[in-house]
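> Sequence:
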Amino acid sequence: MGVRKSKNGGRVMSVDKRICLAAVLLTASCLVLGGCGQPRHIESLSQGSAASVMPDGQSSGVDGVSSAPLPARAADVPKEPIPAQPSDMEIDDAALRSHLAGMQWLDGDRGYAWERTGGGFRLYRTEDGGEEWRDATPPGTPAFSGGLDAGRAVYFFDSMHGWICLAPDEDPTLVFRTDDGGRTWTESKLPVRTEPTAMQFVTPTKGWLMTSADAAMGRVEKTLYVTDDGGLSWKPSAESSYAGESKGLLPEREAVTGMHFIDAKNGWLAFGSHDPAPVLYRTKDGGEAWSKIPIEPASDVRYGAGGPEFPGGQTRFGYTLVYRNEGADRRRLDAYVTDDGGDSWSFKPWNLEGAASFADLRHGWGWRNGELMATADGGSSWNAIPAGPTLRKMLRKFPVPKSLQFTGARDGWLLLGENGEGETALLRSRDGGMTWIASS
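When we follow our numbering, the leftmost residue of the sequence shown carries the number 346, and every step to the right adds one.
Derived by calculation from the structure, the hints in this document are not laboratory data. Keep in mind that the hints are not guaranteed to be accurate.
Distance condition first, Cα-Cα at most 27 Å in a straight line; then the derived DSSO-like pairs of lysine-lysine [what the hints assert, rightly or not]: (1) K738 <-> K693; (2) K551 <-> K534; (3) K551 <-> K610; (4) K742 <-> K637; (5) K637 <-> K580; (6) K693 <-> K629; (7) K637 <-> K610; (8) K610 <-> K580; (9) K693 <-> K742; (10) K580 <-> K551; (11) K738 <-> K637; (12) K580 <-> K629; (13) K693 <-> K637; (14) K629 <-> K610.
Taking CB as the label site, the calculated pair distances span [unchecked claim]: (15) D645 <-> P517: 40 to 48 Å; (16) P639 <-> G463: 30 to 38 Å; (17) A488 <-> P536: 35 to 43 Å; (18) N670 <-> G765: 33 to 41 Å; (19) A558 <-> P744: 17 to 25 Å.
All residues carry an ideal CB built from backbone N, CA and C; glycine is no exception.
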């Protein structure tokens, strides 16, 4: 694969459409704890020059958007420029098809995808539905462990504002933030090394970050941080710790599997549990106080599979997935659904497997017995969509649906892979899943 000029003169990647892209794009930047020092500003990677620290904290705007000035003290500004990763670096097709970690789409044309590379990662951005990709990787990203799921370590509020939170193997956790679509980044550090487990913003300035430390004696130490300035500073909002009293009444034993806020006040946390019903906690004050939601158990449900989702900006319709065992090594995905804004949740036997995605309160997609399924009535009924030649061919080589995301009733993206890590294929649909093509 080579690198060529885009229409606007920037450097982009173009991949032969005969080859399934595992284009991987990484997003976002993340978070700063109060008292951890001032953030450093890093210039754009896409210009092909070394990134430098700007003493006045001012970043250059892009696409009509300029970033706000950031406070900086002379003692906090490195004397030497921070080297940027080269934006015109050639990456062969085999590398692009491996270690794909995740994707996030803002609409049918604008999105991010990212890959793990030798313990680190690379982030890419597209503005034309995957025809061309631009390298948007923050400079100085270290080797790290932990997941790179969208909404866990990576989150974009829109095409301009994004956050990435990484936990290096030994050093304190790093936070990257962009407000110009990945052209420039600011870097900050948390005071300790801690794993990001969930992250979300409801505006470019208001957001939450859930972190967790290693489990000990069956308990998981968790801290929820909140920011009101786009991640320049963070303060603890709730925590649970086996070392003392829990603040905010978060459970100590269960690990967080997901988080979702519908506005600045109302949010939910989902916890992994072997209870026959999902374990959901709710806040109505922006994350200070949490209370467990009573949910009627279902006899064949084994444990929660993920955090609550309120798709397409919904505030009343939402769902949280649960696993149901069907014999050895066989699991099905069902759901608990709310239509009253999370006050009550009822069990729905969706009988899916692998990835699932809703674009709004009616239109959803999932997998069952190797087939793509769709619903137009909020999950009450599901119908198979016959696979076309491209999807059939890809499924023979990449049989595992890793991720599925629809941004509307027609525009969807499908990430296929193998069991475990390995090569992946990124496919795009413009007709609600009826036909699929390889993304560049």
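> Flag every earlier hint the structure violates by its number, smallest first.
Those not satisfied are hints 1, 4, 9, 11, 16, 17, 18, 19.
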